[in-house]
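*Asks:* Protein chains in written order, with the working numbering: chain W, 556 to 668; chain Y, 1419 to 1533.
A few of these clues could be false.
To be verified - Computed, partial: chain Y to chain W, Cβ under 7 Å:
{"no.": "1", "residue": "Y1450"}
{"no.": "2", "residue": "P1458"}
{"no.": "3", "residue": "L1462"}
{"no.": "4", "residue": "E1525"}
Claimed, not checked - With a cut-off of at most 27 Å between alpha-carbon atoms, the simulated BS3-like pairs for lysine-lysine come out as follows:
{"no.": "5", "chain 1": "Y", "residue 1": "K1476", "chain 2": "W", "residue 2": "K558"}
{"no.": "6", "chain 1": "W", "residue 1": "K608", "chain 2": "W", "residue 2": "K573"}
{"no.": "7", "chain 1": "Y", "residue 1": "K1487", "chain 2": "Y", "residue 2": "K1476"}
{"no.": "8", "chain 1": "W", "residue 1": "K625", "chain 2": "W", "residue 2": "K608"}
{"no.": "9", "chain 1": "Y", "residue 1": "K1467", "chain 2": "W", "residue 2": "K558"}
{"no.": "10", "chain 1": "W", "residue 1": "K608", "chain 2": "W", "residue 2": "K558"}
{"no.": "11", "chain 1": "W", "residue 1": "K558", "chain 2": "W", "residue 2": "K612"}
{"no.": "12", "chain 1": "W", "residue 1": "K612", "chain 2": "W", "residue 2": "K625"}
{"no.": "13", "chain 1": "Y", "residue 1": "K1467", "chain 2": "W", "residue 2": "K612"}
These aren't lab readings, by the way, just hints derived from the structure by calculation. Quantities reported herein were computed from a predicted structural model and do not represent experimental measurements. All C-beta atoms in this analysis are idealised placements derived from N, C-alpha and C, irrespective of residue type, glycine included.
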Amino acid sequence: DVKVTQSSRYLVKRTGEKVFLECVQDMDHENMFWYRQDPGLGLRLIYFSYDVKMKEKGDIPEGYSVSREKKERFSLILESASTNQTSMYLCASKLDRENYGYTFGSGTRLTVV
Amino acid sequence: AQSVTQLDSQVPVFEEAPVELRCNYSSSVSVYLFWYVQYPNQGLQLLLKYLSGSTLVKGINGFEAEFNKSQTSFHLRKPSVHISDTAEYFCAVSGAETSGSRLTFGEGTQLTVNP
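Work the whole structure out from these sequences, hints included.
*Replies:* Laid out in C-alpha cells, this is it:
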C-alpha cells in the first residue's frame, strides 16, 4: 500500500515562528498536495506540486510556501506563523496519470499560540 | 475548474433510519466523484468513488451513491444507519482526463446518529 507520512501528528508553535510541515510518500507519485481543514470550510488546497521542483498555488496560498527538492518529499512552510493558521493540515499524493488514486496522510494538527 | 457544494452542514438522524447526504458539483469537463469519511480524531477514509460506468456506486460500510449527470449530483445514501456512522462526510471532485488534476472538496456534512 502507498503510504503518505506526515512527520508530526500534533504541533504547537509560537506566533512569528517559521514552521515546517513535512510529508513523505513511498510510491513514486509525481503529484503531491497540501490542504488545510477547518470546520465548516472543508478541505482547501494550499499548494500542489506536479513534480520535483515544480509548484502551483492552490486556493489559499497566502502565508505559505512549499518546497519539493525530492520526488518523495513535499514540505509546507509557514514563514511567520500566525494564530489564524491554527488548523489541521493534510498532505496527499497521486500518480500524475491517475486522477482517482489520491492517498492522504493522517494529518498534522497545528496550534499557533 | 471544478466546485462542490454539500447542501447540508449537519444531518441528525436516529439509529436504523435511512439517510441521504446531498452533494452537487459543477465542472466544464468530465469528472471523477468521491465520498470520504472522517471519524473523530482520525484521517480521511475513502468511502466510494465514481469513475465511469454504472451510475450507482457501492462503497464500504453499506453506503452507496448515485451519479446523476443531468442534475450534477452525487448524493450519498445508507438505508439504515448505526451509531458508529457518526462522522464527517466530504464529497469531492477531480477532473477525469486532465493530467495533474486536483481534488476539490465540499464543506463537509456532519452526520450524527442518535440512539
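*Asks:* Hint by hint, say whether it matches the structure.
*Replies:* Hints and how they fare:
1. At its closest, the beta carbon of Y:Y1450 sits 5 Å from a beta carbon of chain W; the interface hint therefore holds under the 7 Å criterion.
2. Interface restraint check for Y:P1458: the shortest CB-CB distance to chain W comes to about 12 Å, outside 7 Å, so the restraint is violated.
3. Satisfaction of the interface hint for Y:L1462 is found here, the shortest Cβ-Cβ separation to chain W being roughly 5 Å, below the 7 Å cut-off.
4. Checking Y:E1525 against chain W by beta carbon gives a least distance of about 4 Å; that is within 7 Å, so the hint holds.
5. Restraint check: the Cα-Cα separation between Y:K1476 and W:K558 comes to about 25 Å, which is no more than 27 Å; the hinted pair holds.
6. Note on W:K608 and W:K573: the hinted pairing holds, with a Cα-Cα distance of about 21 Å set against a maximum of 27 Å.
7. Pair hint Y:K1487 plus Y:K1476 holds up; C-alpha atoms about 17 Å apart against a cutoff of 27 Å.
8. Under the criterion of a C-alpha separation no larger than 27 Å, the hint pairing W:K625 with W:K608 is consistent with the structure, at around 8 Å.
9. At roughly 20 Å between alpha-carbon atoms, Y:K1467 and W:K558 fall within 27 Å of each other, so this suggested pair holds.
10. At roughly 21 Å between alpha-carbon atoms, W:K608 and W:K558 fall within 27 Å of each other, so this suggested pair holds.
11. Pair hint W:K558 plus W:K612 holds up; C-alpha atoms about 24 Å apart against a cutoff of 27 Å.
12. For the hint pairing W:K612 with W:K625, the CA-to-CA distance comes to about 19 Å; that is within 27 Å, so the pair holds.
13. Restraint check for Y:K1467 and W:K612: the C-alpha separation of about 26 Å stays at or below 27 Å, so the hint holds.
Checked against the numbered hints given earlier, this structure breaks only hint 2.
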